[in-house]
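Undergrad: Next come the chains, spelled out residue by residue.
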Amino acid sequence: MSEPASVVSAAPPTIRAEKWTKKKILQAIVIYPLLLLTTCVTLGPFLWLLATALKTGDNVYAYPPQFIPNPITFQNFIDVFHIMPLWTYIGNTVYMTAMGVGLNLMLCTVTAYPLARLRFPGRNAIFFTMVSTMILPNAAGMIVNFLTIQSLGLYNTMLGVVLPSAISIFNVFLLRQAFITVPNDMDHSARIDGASEFRIFAQIIVPMIRPAIATVVIFDFMAFWNSLIWPVIVLDDRAHYPLGPALKYLNSTLAYNFPYIAAGTIISVIPIVLIFLVLQKQFINGMVGAVKG
Amino acid sequence: MFSNKLMRRQAGFAYLLLIPGCVLLLTFTFYPIVRGLPLAFTDYSVIDSTHWVGWDNFKRAFSDSTFGLALKHSLLYVLVVPVLQILSILMAVLVNNKLKFVHFFRVAYFVPVVTSMVAAAIAWKWVYEEQGILNFFLLKLHIVREPIVFMIETKLALLGVMIVTVWKGLGYYMMIYLAGLQSIPAELVESARIDGAGWWRTVRHITIPLLMPFVLLCSLISVMGAIHVFDEVFVMHGELGDPAYSTITTSVYSYKVAFKDFEFGYSATIGLLVSIIIMAISIVMFRYTRRGGLTYYE
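Protein chains in written order, with the numbering used here: chain P, 56 to 348; chain G, 24 to 321.
Bear in mind the hints are in silico, worked out from the structure with no lab data behind them.
Careful, some of the hints might be misleading.
[As the list claims (entries may be wrong)] Chain G regions said to be covered by chain P (calculated; three or more residues, Cβ under 8 Å):
| id | segment |
| --- | --- |
| 1 | 27 to 39 |
| 2 | 85 to 91 |
| 3 | 145 to 152 |
| 4 | 176 to 185 |
Source: prediction; values computed, not measured.
Positions of the beta carbon are idealized from the N, C-alpha and C atoms, including for glycine.
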């Protein structure tokens with residue numbers, strides 16, 4: 056599979072080229088079926104869910120299964136908005152995600168910048184304390200945070216859901232790493248020109264780490280949009296639920312009417328899949344780069 | 024180069040920037056670590072007043088058969104790691120070529136990674152239906168004689184959840200391994216080929232050793248994830264790990280004890296015990312990594 060063409064050989068170029076295409080054809084014959092089979096496994100469950108959501112009542116439980124819905128109906132996607140307050144859940148999810156991503160972006164940038172680029176007493180102490188929390192066991196994190204949220208009067212509020220993860224040490228590291236790579240002459244010359252510290256931070260250095268910021272936004276967008284258990288703990292009122300928890304509970308209570316659940320679930324994954332398809336490079340590079348780094 | 028005044032101005036600005044983040048970290052990251060430990064030695068609940076109970080919670084945990092079951096399942100869950108790693112390496116090899124549309128397949132394999140576990144679990148529950156699509160194929164291909172009921176059969180329920188975990192993680196690890204494969208210098212493979220090494224010898228002596236650091240890193244991440252498994256179990260089988268506790272894991276049990284039984288003290292004890300086990304495992308893995316993995320690479 057690896058670079059068949061680059062192998063040096065004494066054979067004349069014409070034969071080499073022919074051999075190359077032969078190998079490539081052979082490769083294609085073996086690989087494409089495997090690729091397609093794997094696609095059936097990775098996308099199959101969602102495609103099957105989509106097919107179910109597009110079916111009319113009787114066909115849903117038909118056996119043998121009906122792979123392509125006939126007739127196709129979008130009625131479930133319309134009805135699901137009447138059966139459950141789906142707009143409310145979508146609104147809650149958007150609100151929670153926007154607040155979570157926005158707070159993270161602000162707080163993590165503001166925290167990472169001095170740790171990377173400013174000189175002040177206690178910098179290393181602060182940094183190493185942060186590192187240590189990644190090693191120390193956080194056995195009762197959810198319980199203690201729940202009690203804290205309660206005592207702050209934030210129980211059953213979206214702020215209570217977002218606040219404990221409004222800053223993540225992981226993001227701070229990621230941004231700190233990016234800030235460090237910006238050459239020092241940038242702020243040196245700005246400082247000599249008399250720019251204020253805030254201007255150097257906001258107008259010179261932050262714009263230079265846009266790729267890292269994009270990674271943070273993507274990570275947090277996914278984390279908040281897909282969050283499940285913490286909203287369940289903090290929110291008492293199910294009308295405040297974001298999509299994940301709402302679907303989880305509706306799946307138990309509305310199980311007899313699965314096409315609605317299927318339609319609701321499909322609606323819940325569409326935004327994230329669309330954003331992923333648009334920003335696939337950033338998604339994949341960000342997620343892979345973050346572990347490698 | 025800079026005056027004292029400038030230094031002081033910089034330090035002032037630094038502290039100003041650090042305050043909001045540090046306040047939140049102190050409240051929601053440091054405080055739980057400090058507070059969690061003593062909590063494990065109390066009978067803290069929302070109903071009664073709190074008492075210091077010493078090692079009682081720990082004694083209770085050791086004689087609590089449900090906790091034993093949960094711990095067994097959590098450790099059993101680590102079995103997803105080798106399956107997940109082997110399959111995702113094979114997938115990485117599969118998409119590591121320059122064929123047409125290969126990019127489309129890479130993206131298609133990554134879709135489960137970005138979607139929520141709730142959606143994945145709902146989709147898979149539907150796939151697992153007795154009259155569902157999986158049983159249809161298994162019966163058609165004569166792999167099974169009777170439909171398999173992954174959701175109801177106590178012996179299969181945990182396996183059913185594990186399959187979902189593997190399925191959802193494949194694309195993620197595949198991408199890491201793909202990056203690993205592509206970081207292997209082509210000249211290295213070429214020169215081995217020139218020296219007369221066949222396909223298998225190249226794989227055995229170049230690809231595998233150079234991929235090893237990635238394997239160890241991925242294994243470490245997925246071991247931690249496996250022991251902490253929560254969402255899949257919670258969505259598919261609820262907070263009791265239905266049927267009959269057959270899918271309960273330590274995270275689910277600890278959630279149930281805290282937020283259904285309101286025994287915060289005991290739940291903290293469970294969390295602490297699991298953390299100790301995880302720390303032991305990661306120390307062993309780190310040792311192994313340093314000895315067999317990363318130095319190997321250098």
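Undergrad: Each of the hints needs a verdict: does it hold here or not?
TA: The hints, checked one at a time:
1. With 8 residues bearing a CB less than 8 Å from a CB of chain P, the segment 27 to 39 of chain G meets the requirement of three and the coverage assertion stands.
2. Figure legend: the segment 85 to 91 of chain G, annotated as covered by chain P; annotation inconsistent (0 residues with Cβ-Cβ distances under 8 Å, at least 3 required).
3. With 6 residues carrying a beta carbon less than 8 Å from a beta carbon of chain P, the segment 145 to 152 of chain G meets the three-residue requirement, and the given coverage holds.
4. By the rule of at least three residues with a Cβ nearer than 8 Å to a Cβ of chain P, the coverage given for the segment 176 to 185 of chain G is violated, with 0 such residues.
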